[in-house]
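Q: Below, each chain spelled out in residue letters.
There are 2 protein chains.
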Amino acid sequence: MSSFIIQEQNLRNFTEAVFKKIGCPEADAKLAADVLIASDLRGIDSHGVARLSGYIRLWEKKRINATPKITIVHETPTTATVDGDSGLGLVVAPFAMKLAIEKAEKYGSGWVSVRNSNHFGIAGYYALEAVRKDMIGIAMTNASPLVAPTFTTERLLGTNPMCYAFPAGKYPPVIVDMATSAAANGKLEIAQRAGKPLPEGWVQTNSGETTTDSHALKSGGSLLPLGSDREHGSHKGFGLSATVDLLSAVLSGANYGPWVPPFVSFLDPLPDLPGLGIGHFVGAMRVDGFRPVEDFKTHMDKWIERFKSAKPIDGSQPLIIPGEPELEAEAQRKINGIPLVNSVVKDLNEVAAMLGIEGI
Amino acid sequence: MSSFIIQEQNLRNFTEAVFKKIGCPEADAKLAADVLIASDLRGIDSHGVARLSGYIRLWEKKRINATPKITIVHETPTTATVDGDSGLGLVVAPFAMKLAIEKAEKYGSGWVSVRNSNHFGIAGYYALEAVRKDMIGIAMTNASPLVAPTFTTERLLGTNPMCYAFPAGKYPPVIVDMATSAAANGKLEIAQRAGKPLPEGWVQTNSGETTTDSHALKSGGSLLPLGSDREHGSHKGFGLSATVDLLSAVLSGANYGPWVPPFVSFLDPLPDLPGLGIGHFVGAMRVDGFRPVEDFKTHMDKWIERFKSAKPIDGSQPLIIPGEPELEAEAQRKINGIPLVNSVVKDLNEVAAMLGIEGI
Numbered sequence: 555m556s557s558f559i560i561q562e563q564n565l566r567n568f569t570e571a572v573f574k575k576i577g578c579p580e581a582d583a584k585l586a587a588d589v590l591i592a593s594d595l596r597g598i599d600s601h602g603v604a605r606l607s608g609y610i611r612l613w614e615k616k617r618i619n620a621t622p623k624i625t626i627v628h629e630t631p632t633t634a635t636v637d638g639d640s641g642l643g644l645v646v647a648p649f650a651m652k653l654a655i656e657k658a659e660k661y662g663s664g665w666v667s668v669r670n671s672n673h674f675g676i677a678g679y680y681a682l683e684a685v686r687k688d689m690i691g692i693a694m695t696n697a698s699p700l701v702a703p704t705f706t707t708e709r710l711l712g713t714n715p716m717c718y719a720f721p722a723g724k725y726p727p728v729i730v731d732m733a734t735s736a737a738a739n740g741k742l743e744i745a746q747r748a749g750k751p752l753p754e755g756w757v758q759t760n761s762g763e764t765t766t767d768s769h770a771l772k773s774g775g776s777l778l779p780l781g782s783d784r785e786h787g788s789h790k791g792f793g794l795s796a797t798v799d800l801l802s803a804v805l806s807g808a809n810y811g812p813w814v815p816p817f818v819s820f821l822d823p824l825p826d827l828p829g830l831g832i833g834h835f836v837g838a839m840r841v842d843g844f845r846p847v848e849d850f851k852t853h854m855d856k857w858i859e860r861f862k863s864a865k866p867i868d869g870s871q872p873l874i875i876p877g878e879p880e881l882e883a884e885a886q887r888k889i890n891g892i893p894l895v896n897s898v899v900k901d902l903n904e905v906a907a908m909l910g911i912e913g914i
Numbered sequence: 555m556s557s558f559i560i561q562e563q564n565l566r567n568f569t570e571a572v573f574k575k576i577g578c579p580e581a582d583a584k585l586a587a588d589v590l591i592a593s594d595l596r597g598i599d600s601h602g603v604a605r606l607s608g609y610i611r612l613w614e615k616k617r618i619n620a621t622p623k624i625t626i627v628h629e630t631p632t633t634a635t636v637d638g639d640s641g642l643g644l645v646v647a648p649f650a651m652k653l654a655i656e657k658a659e660k661y662g663s664g665w666v667s668v669r670n671s672n673h674f675g676i677a678g679y680y681a682l683e684a685v686r687k688d689m690i691g692i693a694m695t696n697a698s699p700l701v702a703p704t705f706t707t708e709r710l711l712g713t714n715p716m717c718y719a720f721p722a723g724k725y726p727p728v729i730v731d732m733a734t735s736a737a738a739n740g741k742l743e744i745a746q747r748a749g750k751p752l753p754e755g756w757v758q759t760n761s762g763e764t765t766t767d768s769h770a771l772k773s774g775g776s777l778l779p780l781g782s783d784r785e786h787g788s789h790k791g792f793g794l795s796a797t798v799d800l801l802s803a804v805l806s807g808a809n810y811g812p813w814v815p816p817f818v819s820f821l822d823p824l825p826d827l828p829g830l831g832i833g834h835f836v837g838a839m840r841v842d843g844f845r846p847v848e849d850f851k852t853h854m855d856k857w858i859e860r861f862k863s864a865k866p867i868d869g870s871q872p873l874i875i876p877g878e879p880e881l882e883a884e885a886q887r888k889i890n891g892i893p894l895v896n897s898v899v900k901d902l903n904e905v906a907a908m909l910g911i912e913g914i
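Taken in order, these protein sequences are the chains called A and B. If you're matching positions, the first sequence starts at 555 in the working numbering and goes up one per residue. If you're matching positions, the second sequence starts at 555 in the working numbering and goes up one per residue.
To be clear, the hints were calculated from the coordinates, so they are not data collected in a lab. Just to be clear, a hint being listed does not mean it is correct.
Repeated chains share a single entry, so a pair holds when one copy, or any two copies, can fit it.
Computed cross-link-like contacts, EDC-like style, restricted to lysine to aspartate or glutamate with a CA-CA straight-line distance of at most 16 Å [to be verified]:
1. Lys616 x Asp639
2. Lys660 x Glu629
3. Lys865 x Glu763
4. Lys750 x Asp767
Looking at chain A on its own, in the form it has when it is part of the complex:
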């Protein structure tokens, strides 16, 4: 699959050039590229430059504004609502997280709900901004509807990820960053390319039957919430996804549920939208708002050590600390480069040709 390997800096330069070419100010282009490259470095290939052409096509349709005037529309000492002016989520969400961190520096914690934004990449990027300041970082976003709530056949929620990140001492941070669906859409694409059936419990048909057909979404099927079915707790996955939707959109004035605008440019948003764009929710809490940072880190390390030493079912597969595989991928890809599948290379070179810049 990965016949092409590119060095981080080259992919970064290319991505910045693309964003600058559509009119993003230099600093915004750098920032947006940084969010995408962070995803590719961490091995979350579905959320990195594989999505670059998607952003550009939404910009072509005038659904993404390359020069947004991002504003704070409502505020208390520790809370705010930000309007992203249809900007790239990759630029709007960093603004929101910076604001949350500033509030936390002054008052202990800061919480920002965001409306009128677009796809923001990986939630973990923002939560880690807080971790670097010895804060606990929280980030979530709603997304285009693909998931049917328990007992229903309608796609009413996105894969709505939530992320919590905690600084540790001698170990890397613990980063819980997860879609609230049983499986993310990217896993379906992998099965499609391999021509393999899905495990039961990931998707259902348009009449609500479990199916192993990796193409079921194309005929009106839907992803299932984490838990897969009622007996195994899918109402919990639905509840978590609903929580993300309410904090990100009902709280900020963005679109929610089935009204979240599609990420793909060939589908138009629904008529009579109840809000503006898509929504995010980010937060930061100072660790030393609760206990001295060194005490906290000492116990984080002890927690990590105890869990890493848990007795494995199979000796060849030890417990994985949340966030660990992504940090290992990052260390490795920073040295060896980032592998891209052929379809992504082709896609990026088409974007380059369209914009009249050099390809990769």
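Please build the complex by placing chain B on the supplied structure of chain A, with the hints as guidance.
A: Relative to the frame of chain A, chain B by itself:
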């Protein structure tokens, strides 16, 4: 099963009398009873008076302090750590939530981590305190270890519930209140009483194999995280449970992971504990810290209406809004009384006899 029905006020009087008899001040006894009765009213029978004898037995062992001196040990304008002085979680957690709400009233949001506490009943009780003030309420707690993280056979985490509650307008609040395991322990007890096998994916044996044996925990088995297995996202359930543990205990200085003291009095805490008691984490955010309350409630109502009208798989089972079944049970039980199974009646009368007060 429910041959015995008792009116709310009678059960409340009895429960208050029990707490007063062990030495709780009048106000604390009323408060602790209110938390337990709220659970029984809402149909969460496992977390109401069914646990009363458990609290009393821990008090007998001097592991619960009936007259705690609850203190704030660390604080910023919007964050705090509270030490519960080994008090009832049913008294300590209300103190913490009140503090979070006071901070939110002044600064927009408030967050309190709690150490040196005990089992706090249902998370939803605390989150709803915030909802009554037009705030979003958050509550979570760690708990005695019963759940094995993905890939392991060791019980390292509790069923660690998390709750998010949101006020609505003409509809009742949306309350997402969920254990982060695939199934809670109470569901195993129901299967045991009925002599029925469990669905696969709830528990595993002591060697990590899925089993349908409802008694598997008695022979070293463990509950599974939400998601059940790696393929269906159990690493996400593990991540959520870890998040609850870190916010509740590593942040406050309580015990975490396998060191959380058992709720049952016949099991002693492990030696060399890294913290004090069990931990909770509660928070409150003012809705009007983000947008006008009326706007928010209008959109909450629209969200609820849209989801309630979702196309059902089976016409006889419509979508359930999180929190709705509990509110329906409450309305019904306030009128018709609270059903108690015989074993709970017996247990409560044994407690009464032991303390020398009138039974139910």
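Q: The structure should be examined with respect to each hint, and the outcome stated for every one.
A: Comparing the hints with the structure gives:
Proximity of Lys616 to Asp639 under the C-alpha cut-off of 16 Å is restricted to the intra-copy arrangement: shortest distance 12 Å within a copy versus 59 Å between copies. In this assembly of identical chains, Lys660 and Glu629 lie within 16 Å of each other by CA distance both inside one copy and across copies; the values are 14 Å within and 13 Å between. For the identical chains of this complex, Lys865 and Glu763 are inter-copy neighbours only, at 14 Å across copies versus 37 Å inside a copy, given an alpha-carbon limit of 16 Å. In this assembly of identical chains, Lys750 and Asp767 lie within 16 Å of each other by CA distance solely inside one copy; the values are 8 Å within and 33 Å between copies.
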